[in-house]
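Novice: Read top to bottom, the protein sequences are chains A and B. All the letters of the first sequence, read from the start, carry residue numbers 1 to 246 under my numbering. All the letters of the second sequence, read from the start, carry residue numbers 247 to 443 under my numbering.
No lab work stands behind these hints: they were computed from the structure. One or more of the hints may lead you astray.
[What the hints assert, rightly or not] Examples of chain A residues lying across from chain B (beta carbon under 7 Å, computed):
#1 F64
#2 Y89
#3 E185
Please read all numbers here as calculations on a predicted model, not as lab measurements. We treat Cβ as the ideally placed atom computed from N, Cα and C, and that holds for glycine.
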Amino acid sequence: MPNIDGKAYGFTAITPMKRWKTPFLRVFFWLVPILAKPLPQRLFGWIPIVRAQHDLTALSFIHFARWSIIRHDFWPQLDAAQPRDETRYDYLIFCSNFNGTWEQYIDAFSAIIPGGMQMIWRWSEQFPGSQPITPFLSYIRRVQVDTAHYHSAYPDASANDVKQALKLQARLDAFATTSASLTAEQFAVAYRAMLVEVQDCLGTTGLDPWIVDWQEAVIPDGVRPETLGPRGLHTPVQLDRVPVRA
Amino acid sequence: MSNINKQSYAFTALTPIIAGQTDGMVHLAALRAVLAGFDRPDASPFKQLPGTHFARFTVLEDVPQLGLPTDADVLQSKYLMLEADFDGMRDVWLDALRTRTADAVTAVYRHCLGFPGVHDAAAFRAYFAKCQLETTLDFSPFDGDTLPAVQRALDTQRRFVGFVHAMQGRSAEQLQAEFRRFLAEHASPAARAGARS
Numbered sequence: 001m002p003n004i005d006g007k008a009y010g011f012t013a014i015t016p017m018k019r020w021k022t023p024f025l026r027v028f029f030w031l032v033p034i035l036a037k038p039l040p041q042r043l044f045g046w047i048p049i050v051r052a053q054h055d056l057t058a059l060s061f062i063h064f065a066r067w068s069i070i071r072h073d074f075w076p077q078l079d080a081a082q083p084r085d086e087t088r089y090d091y092l093i094f095c096s097n098f099n100g101t102w103e104q105y106i107d108a109f110s111a112i113i114p115g116g117m118q119m120i121w122r123w124s125e126q127f128p129g130s131q132p133i134t135p136f137l138s139y140i141r142r143v144q145v146d147t148a149h150y151h152s153a154y155p156d157a158s159a160n161d162v163k164q165a166l167k168l169q170a171r172l173d174a175f176a177t178t179s180a181s182l183t184a185e186q187f188a189v190a191y192r193a194m195l196v197e198v199q200d201c202l203g204t205t206g207l208d209p210w211i212v213d214w215q216e217a218v219i220p221d222g223v224r225p226e227t228l229g230p231r232g233l234h235t236p237v238q239l240d241r242v243p244v245r246a
Numbered sequence: 247m248s249n250i251n252k253q254s255y256a257f258t259a260l261t262p263i264i265a266g267q268t269d270g271m272v273h274l275a276a277l278r279a280v281l282a283g284f285d286r287p288d289a290s291p292f293k294q295l296p297g298t299h300f301a302r303f304t305v306l307e308d309v310p311q312l313g314l315p316t317d318a319d320v321l322q323s324k325y326l327m328l329e330a331d332f333d334g335m336r337d338v339w340l341d342a343l344r345t346r347t348a349d350a351v352t353a354v355y356r357h358c359l360g361f362p363g364v365h366d367a368a369a370f371r372a373y374f375a376k377c378q379l380e381t382t383l384d385f386s387p388f389d390g391d392t393l394p395a396v397q398r399a400l401d402t403q404r405r406f407v408g409f410v411h412a413m414q415g416r417s418a419e420q421l422q423a424e425f426r427r428f429l430a431e432h433a434s435p436a437a438r439a440g441a442r443s
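The whole structure should be built from the sequences, with the hints applied where relevant.
Specialist: Written as structure tokens, this is what we have:
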């Protein structure tokens, strides 16, 4: 299944746009990073399209995503014998790396940032709007291009796993410094307080069971469950027994 | 430039695939066979490239056809699309692609027009620069964390969960001693230095 590597899904969609619309989309894309900054969000967050920039970061299952525009005259010609491609339309390419199923992904886009999706794809031909979801899904199915080979450097971790692991690492690094001069008793109290702070970062990573089962069948030497560590979430700390303060 | 977002670079290149045949097989089919081979365990060339978070090959045989009232657009050539999200700058990554995955890159791009081979660094860079598609908008939820930092954090998390399990019920002295041992292996170098001072 080339679109998938572990928990990651590589999604590619290509949509045609009339050439005269491309400059408007470029202006919008230019504005996105500016509007996503804290000050514009505070001043203009009441405007739906500005709010949408903030909401994009709330889609916590996205690793990386990008939009590119193929101009009608971009198609590389590298040999005189190669016929030159010049398309009637410009094309918008959307590439994303996320975890979860394809339908969940588009569903979440439609539910959380319908305004943002509307602004991005409204310039594309025959775009039905990001809500209701059924025609939106149908449209995306028509413009999706399958990946021939897909690679993730951390296939056993979701985007949230990565964020939590980075948070845990930072907290542990800070704790290493602050706890260096404590007595054993003081250390134990501080350690337990730290555990309470990072309790949401103590999940375990690993492939979803259905992915392991699929890869075992197709690739006998591919994935071994015993190499993946414990599956599912642990609750390593019994929180009701942990005193937050001394 | 939107190709660069914090520490990461979003690279896309569209290279035309040769239209004819090679060894009795059309280039497109031969290319697809090579790409399918990369799905075997540990066969992906991208694993050899430092700092590569995500990468993919996509074969573009044509642009999607939506039907009327949209006009039909038919590509004269088929294209191989290479996309990658990696740490650092493009030319460093391209150099790694050329030197560390020479066989795989040659196996793929010998089916593409104008590929200069892997022996001339400047020509290799120029080839991909000519075929590069600028990224218009890039999104990354991470705050400038490199791949080694991400992988180290995931490893620390995996081990720390086990550590927390094992330490339940231990005395304060044991806990402190074991935590220092854990830290010596898994904290960042700066944090270790801070803990010693």
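Novice: A separate judgement is required for each hint: does it hold in the structure or not?
Specialist: Here is what the structure says about each hint:
| no. | hint | result |
| --- | --- | --- |
| 1 | F64 | holds, 4 Å |
| 2 | Y89 | holds, 6 Å |
| 3 | E185 | holds, 5 Å |
In this structure, none of the earlier numbered hints is contradicted; all agree with it.
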